[in-house]
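S.K.: Residue numbers (numbering that gives the first Met the number 0), protein chains in the order written: chain A, 0 to 613; chain B, 0 to 103.
Bear in mind the hints are in silico, worked out from the structure with no lab data behind them.
Each residue gets a CB set at the ideal place from its N, CA and C atoms; glycine is no exception.
Possibly wrong hints are sitting among the right ones.
The calculated DSSO-like cross-link candidates involving lysine-lysine, where the alpha carbons are at most 27 Å apart (straight line), are [to be verified]:
#  : chain 1 : residue 1 : chain 2 : residue 2
1  : A       : K286      : A       : K152
2  : A       : K8        : A       : K222
3  : B       : K93       : A       : K570
4  : A       : K286      : A       : K210
5  : A       : K222      : A       : K310
6  : A       : K570      : A       : K553
7  : A       : K394      : A       : K310
8  : A       : K233      : B       : K16
9  : A       : K548      : A       : K412
10 : A       : K233      : B       : K89
11 : A       : K259      : A       : K210
12 : A       : K599      : A       : K570
13 : A       : K31       : A       : K8
14 : A       : K570      : B       : K89
15 : A       : K7        : A       : K222
16 : A       : K216      : A       : K508
17 : A       : K486      : A       : K508
18 : A       : K556      : A       : K378
19 : B       : K56       : A       : K508
20 : B       : K85       : A       : K575
21 : A       : K570      : B       : K85
Here chain A is said to cover these stretches of chain B; the calculated rule only asks that three of the stretch's residues, wherever they fall, bring their Cβ under 8 Å from a Cβ of chain A [as the list claims (entries may be wrong)]:
#  : region
22 : 28-39
23 : 42-53
24 : 92-100
To give an idea of the interface, some chain A residues facing chain B are shown, with a C-beta separation under 8 Å as derived from the structure [as the list claims (entries may be wrong)]:
#  : residue
25 : G245
26 : A246
27 : E270
28 : Q275
29 : Y276
30 : T563
31 : P566
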Amino acid sequence: MGIGGYVKKVLRADLSSERVSIEELEPSFIEKWVGGVGFGAKYLYDEVLPGVGWSDPKNRMIWASGPLAGSGVYGAGTFNVVSKGPMTNLAGSSQANGFFGAFLKFSGYDAIILEGKAPSLVYLVISNGRAEIRDGRPWAGKDIWETEDGLRKELAVKKGDVSIFAIGPAGEQGVFYSSIVGDGGHVAAHNGLGAVMGSKNLKAIVAYRGKRNFEVKDPERLKEKNAAQFEVAKVAGPIFRWGTGGAFSALYGIGCLPVKNYTTNIYPEHERMNGQYMRNHFEIRPKPCYICPVAHCKEVTVTEGPYKGFKAEEPEYEQLAAWGPQIGNSELGAVVMLSNEVDRLGMDANEASWTIGWTMECHEKGIFSRNDLDGLDMKWGNVEAVKAMLNKIAKREGIGDLLSQGVMRASQKIGGEAADCAIYALKGCTPRSHDHRGGRWAELLDTCLTNTSTLESMRGPVQPELVGLPPVSDPFSPEEVSTINAKLNGIGQFEDCLGICRFASPDPKLQLECVNAVTGWSLSLEDVFSIGRRVINQLRVFNFRHEMKKEDEKPSKRYGSIPTDGPAIGKNIMNKWESMVENYYTLMGWDAKTGRPLPKTLRELGLEELIKDL
Amino acid sequence: MNRVTIELWLWLGEELKGDFESRSEMCSAREEVIEEGISIGDLLIRLADRYHPIAQKLFDKRGKEIHPNFVVTYNDRVISPQIVFKQVLKDGDKITIIPMYTGG
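Only chain A is shown next, with the shape it has when bound in the complex (with noise of 0.2 Å):
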């Protein structure tokens, strides 16, 4: 009896010889690293040694879907691209939804490994079991839109046919914040993934829709408990209404929205700006991710405005964020325009924005001078300055050079004031489109001592309930904040190897009763937590022997600064961080001075192996 599931294979691409190879997937190892982060994590750590930077051909880039993707569990077609990233030199592992991880395994692998680096730019195709190398010269320079396009028609597909996923010329140029974009819109935006992807001349992978190839379990449990799953989606939250973008007024009345850099709390117009302004006001049409009936993506057309007529993508809640409020915009459809172009471009659009507002706020500062700025005027609201500072910095083109390598990288550069003003997390994190000195402060937290570079303990708002705990009494108790995502820890990682998307199946419970339908295992909640917390101690030992240091777990003097009007005024995380932060490490099993894990924990998680290298 084989485990459901899974393809078993996981295609091998030497990009430096151009060879291809298949690897067998050994049932002890699907077991300990579920897919997804999971096989990430294992993977980098065993291949990507010390002393290997971001930007090396030894570095691995591993693109890995789990045992739900294409099983039939709605949305289920997301994947995880792990690597070593440019942001903050250490892992990276994000996620991007769409169609790419159900095609993944029905073009016959549940994992790609790729490594080296092409003598020059190739994209890579994968159908049916068999992979190739071709020429991507064609499309150096091209955009993302661009690419997808160009490539169906080289390939001779229509779109549905495949899933594409590229880098714009962001990551050809090694901006620091490249994504990695595709099925029209979605992104794998976190580490600078894409300027991995850049710096092996791959311009893309495509993957053919093929059919599903693997064993399902149980097929009548999966079909109840995935119907369950769709009813809680429906009715759990406005997702299904108003899409992310329905939580943009949610989070400017607790001092969640970042609003010109942190400078300030205040932004009324934020009833003009919302998910629910867009879906009433302008023209939307369903764009759903692979068999999604909650279809929260949509097509957007601007019907009111400068940029009345412009269609794209509706923006996430993040985008919505990014060029609004933080860049001191209150026209709408310019948040879908600018929302395209960082896309198109691909670049991480929270990194982006946060050097932008810092570009804005040292400008206002007269810290850059106009002429500093190659002539854009970069006052805020400015988004015309905006979206042609963004094409400068995808070509890494006069101040757009600067620019290119993130706020953290920038701000210390310049220096002096420019220095204090920056938002970031000190190991080169880049906190999500939020201002979470409000109500946010256990993400501030789990930014700042995150192993993935991105969220790792937290799925938005802090829901412990979901999964048995008890609810937050206090957003802004030191105690309780790091009390629960220690607690949490572990469920978030384990979602991120199954290959789902959480708005489509948000209960963990009945996650789990759906792996357990796929796979036919009988899992417990208890194990989902040691596979969860696996993955994130695979990834701190990866981590530490990269050179983390302890004293970069901390926000930047910004990030971590008080907030002197709105919701949140006077709210001070950093009274009490260090002793949030030991509170944090010693229930992960961690050292707590060192935040290093303790061969304790390490052997409880079946990671024996991993003392040595601490």
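Fit chain B to the given chain A structure using the hints.
M.R.: Chain B only, in chain A's frame:
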């Protein structure tokens, strides 16, 4: 007697049209006249007794606890659920109930 304002954000006020005035696409509100010494929690219980949708959405099954998916602000400042029953209302105060959101 004191006059205080209750705001319900996003979809919370949808089923209470007629009782709550729609102030914008995402905010419904009403003014309440209350006695001296009434806390925020006391007022919310009073509203829950009167309006079934509030009882259903805002309070969990255990009763006098605000469901963890909601945040309460008092005069536009986030307050801890722990002090909802301790904070006594004054004339002109504003209470806002904001639903939290998975995603975003």
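S.K.: Evaluate each hint against the coordinates.
M.R.: Each hint tested on the structure:
Between K286/A and K152/A the alpha-carbon distance is near 21 Å, which keeps this suggested pair within the 27 Å criterion. Restraint check for K8/A and K222/A: satisfied, since their Cα atoms lie roughly 26 Å apart, inside the 27 Å limit. A C-alpha spacing of about 20 Å is found between K93/B and K570/A, which places the hinted pair at or below 27 Å, so the restraint holds. In summary, the hint linking K286/A to K210/A is supported, as the alpha carbons are separated by about 22 Å, within the 27 Å threshold.
For the given pair, K222/A sits about 36 Å from K310/A by alpha-carbon distance, which is inconsistent with the 27 Å threshold. For the proposed pair K570/A and K553/A, the alpha carbon gap of about 17 Å is at most 27 Å, so the pair holds. This hinted pair checks out: K394/A and K310/A have alpha carbons roughly 24 Å apart, not beyond 27 Å. Taking the CA atoms of K233/A and K16/B, the gap is near 23 Å; set against the 27 Å cutoff, the hint holds.
Under the criterion of a C-alpha separation no larger than 27 Å, the hint pairing K548/A with K412/A is consistent with the structure, at around 20 Å. The straight-line distance between the Cα atoms of K233/A and K89/B is roughly 39 Å, outside the 27 Å bound, and the hint therefore fails. A hinted pair counts as satisfied when its Cα atoms are at most 27 Å apart, and K259/A with K210/A does not qualify at roughly 48 Å. Of the supplied pair hints, the one linking K599/A and K570/A is violated, its CA atoms being roughly 37 Å apart against a limit of 27 Å.
Proposed proximity of K31/A and K8/A is supported: the alpha carbons are some 16 Å apart, at most 27 Å. For the hint linking K570/A to K89/B, the alpha-carbon distance of about 23 Å falls within 27 Å, and the restraint holds. The suggested pairing of K7/A with K222/A holds, with an alpha-carbon distance near 23 Å, which does not exceed 27 Å. Distance restraint check for K216/A and K508/A: the Cα-Cα separation of roughly 18 Å lies within the 27 Å cut-off, and the hinted pair is therefore satisfied.
For the suggested pair K486/A and K508/A, the alpha carbons sit about 16 Å apart, so the restraint of at most 27 Å is met. Between K556/A and K378/A, the direct Cα distance comes to roughly 23 Å. Compliance with the 27 Å bound is thereby established for this hinted pair. A distance of roughly 22 Å separates the Cα atoms of K56/B and K508/A; the hinted pair therefore holds under the 27 Å criterion. The straight-line distance between the Cα atoms of K85/B and K575/A is roughly 25 Å, inside the 27 Å bound, and the hint therefore holds.
With a C-alpha separation of about 20 Å, the suggested pair K570/A and K85/B falls inside the 27 Å cut-off, and the hint holds. Counting residues of the region 28-39 of chain B whose beta carbon lies closer than 8 Å to any beta carbon of chain A gives 0, which falls short of the minimum of three for the stated coverage. Interface restraint, the region 42-53 of chain B with chain A: violated (0 residues with C-beta to C-beta distance below 8 Å; minimum three). Chain A is given as covering the region 92-100 of chain B, and this holds because 5 residues of the stretch bring a CB closer than 8 Å to a CB of that chain, at least three being needed.
Evaluation of the G245/A hint against chain B yields a held restraint, the C-beta minimum of about 6 Å falling below 8 Å. With 8 Å as the threshold, the beta carbon of A246/A comes within range of chain B, its nearest partner Cβ sitting at about 3 Å, so the hint holds. Of the supplied interface hints, the one on E270/A holds, with its beta-carbon coming within about 5 Å of a beta-carbon of chain B, less than 8 Å. Contact between Q275/A and chain B, as hinted, is supported at the beta carbon level, the nearest pair being about 6 Å apart and thus within 8 Å.
Hint status for Y276/A: holds, given a least beta-carbon distance of 7 Å to chain B, under 8 Å. Restraint check, T563/A versus chain B: the minimum CB separation of about 13 Å is more than 8 Å; hint violated. A distance limit of 8 Å between C-beta atoms decides the matter here; for P566/A the minimum to chain B is near 5 Å, and the interface restraint holds.
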